[in-house]
Every structure is written in C-alpha cells, then in structure tokens.
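Student: Sequence:
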Amino acid sequence: MTELDDNWTQWFSAAWAHREEVVYPELFGARLHGIYVLDPALYLETFAQESFDPRWLHSGVFESAPNSAHDSWLYVSSGLSNPWEDDTPDPNGVSGLGCEFVFESAVQGAWAILRVQHLIAFQTLLSCGRFPGRELLGVFDRIPLRASITPEPSALRWLMLAPPARFPSSVRLPAGAIDLLQVVGITDAEAQFARDRSGEALVEVLSGAGAFPVTDPSRTCTVTPAKAV
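With this note's numbering, letter number 202 in the sequence shown gets 202, and the count goes up by one each step, no holes.
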C-alpha cells in the first residue's frame with residue numbers, strides 16, 4: 001500500500017466511524033444494534049442485477065430500541081453517505097450520495113430492516129444508472145411495495161420519503177453534508193392523495209392522525225375516498 005492509499009484509508013475510515021460512533025449515537029441514542037449489511041441476493045435476485053459492486057455490501061441498517069431520543073423502534077441506514085469516489089475529504093461538499101434513510105416503527109421487526117435495505121439497494125442502483133432516466137430518491141417520492149409492508153396483512157403498501165419530524169434534515173460529516181430522509185408507510189389511497197394534492201399535504205394529514213413520523217403497520221387509512229380525489 002502506498003502512502004497515498006494509506007492516507008485515503010485513514011480519512012475514509014475516520015469519516016465512516018464518525019458517522020456511526022459519534023453522529024448516530026448523538027441523534028438516535030447510544031445503543032445501536034447491528035449493522036445488518038446487505039446480502040448479494042438483494043441485488044442479484046430481488047433487483048435482478050447481473051452484477052454488483054462489492055463495496056455496496058458494506059451498507060446496512062442499524063436498529064435502535066425506544067429510548068430518550070425517540071419513542072419508536074428506529075431503523076437507520078448507514079453507507080449511502082460513504083465517500084467512496086472522493087480522493088480527499090471535503091467538509092463543505094456532499095458526502096457520498098448525500099443521504100441516509102430513517103424509518104420509525106411502532107413495533108420491532110426484521111421486516112423493517114429489510115424495507116430499509118431495499119431502499120439502500122434501490123438508491124445505490126439509481127446512483128449508478130442501472131435504471132436509466134430515473135433520478136435519486138428524494139423528499140416526497142413514493143415507492144410502491146406491491147405488497148403489504150409486513151409479512152402479515154397491512155393496509156400500508158407504499159413507502160414515502162419526507163423531511164424528518166424529530167431529527168435534523170441535514171447533518172454535516174467530516175466528509176461533507178448528508179440529508180436524513182424520513183421513511184413512512186402509506187396506503188394506496190394516501191399515495192393517491194399525495195399525487196393529487198402533494199406529499200407535504202399528506203404529511204400534514206398523517207401527522208394530524210398520529211401516523212407520522214412513526215409507522216404503525218396495523219393502522220387504517222387516514223384519508224377517505226372523497227379526500228383522495
């Protein structure tokens with residue numbers, strides 16, 4: 001390893017550690033469980049890719065039990081903001097893909113980890129042009145699951161991204177800034193409501209009904225057919 005390679009490894013590792021050992025505990029509480037890294041099958045089978053970059057498997061999900069920082073089960077991605085392509089750290093730039101996902105659930109479950117892992121994989125593939133014409137996921141984007149959000153029946157069949165309600169929307173790391181994107185489960189009618197009105201309008205409805213930012217997979221729909229048109 002050359003001195004240049006050694007210097008890159010040192011600052012890259014330090015930036016990674018700062019996110020997971022300093023920033024995340026400060027935001028989400030000291031006890032983070034995991035990390036639940038992505039499996040190759042997620043790319044090769046779920047997303048039907050012929051190949052994947054081994055670096056993508058370093059991304060994963062931390063689980064945080066309810067604590068003084070949040071009263072939910074919280075699942076946060078880690079790795080999308082790794083600055084793999086940067087030669088040197090740029091605190092004034094953007095770190096990696098410039099985002100991480102935060103999903104809050106009323107109940108604990110392996111399904112929640114899997115949902116965030118799917119988002120990580122999808123965002124990574126979007127960043128590499130594997131879905132031509134598609135941009136990176138951002139605030140108020142909706143992602144169809146085409147199935148219940150949990151293995152058990154649930155009215156929630158979509159995910160929507162939104163600004164965080166209880167955490168900062170932007171965090172600055174040694175390698176640059178990242179946005180935290182809140183993930184929330186929504187119903188078919190709520191997805192239609194967001195299309196007709198706006199994602200911001202839906203968040204207002206969800207918040208008023210106690211359905212945001214924490215996702216309860218057993219909840220009912222918050223909009224009536226009349227509201228959804």
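A couple of the hints might just be wrong.
Stated by the list, open to error - Computed Cβ-Cβ distance ranges for the label pairs, DEER-style: (1) Thr88 / Glu135: 22 to 30 angstroms; (2) Gly29 / Glu135: 28 to 36 angstroms; (3) Arg31 / Ala106: 16 to 24 angstroms.
None of these hints come from the bench; they were simulated from the model. Idealized CB from N, CA, C, for every residue including glycine.
Student: If you test the structure against every hint from before, which numbers come out violated?
Tutor: Hints that this structure does not satisfy do not exist here, as all of them hold.
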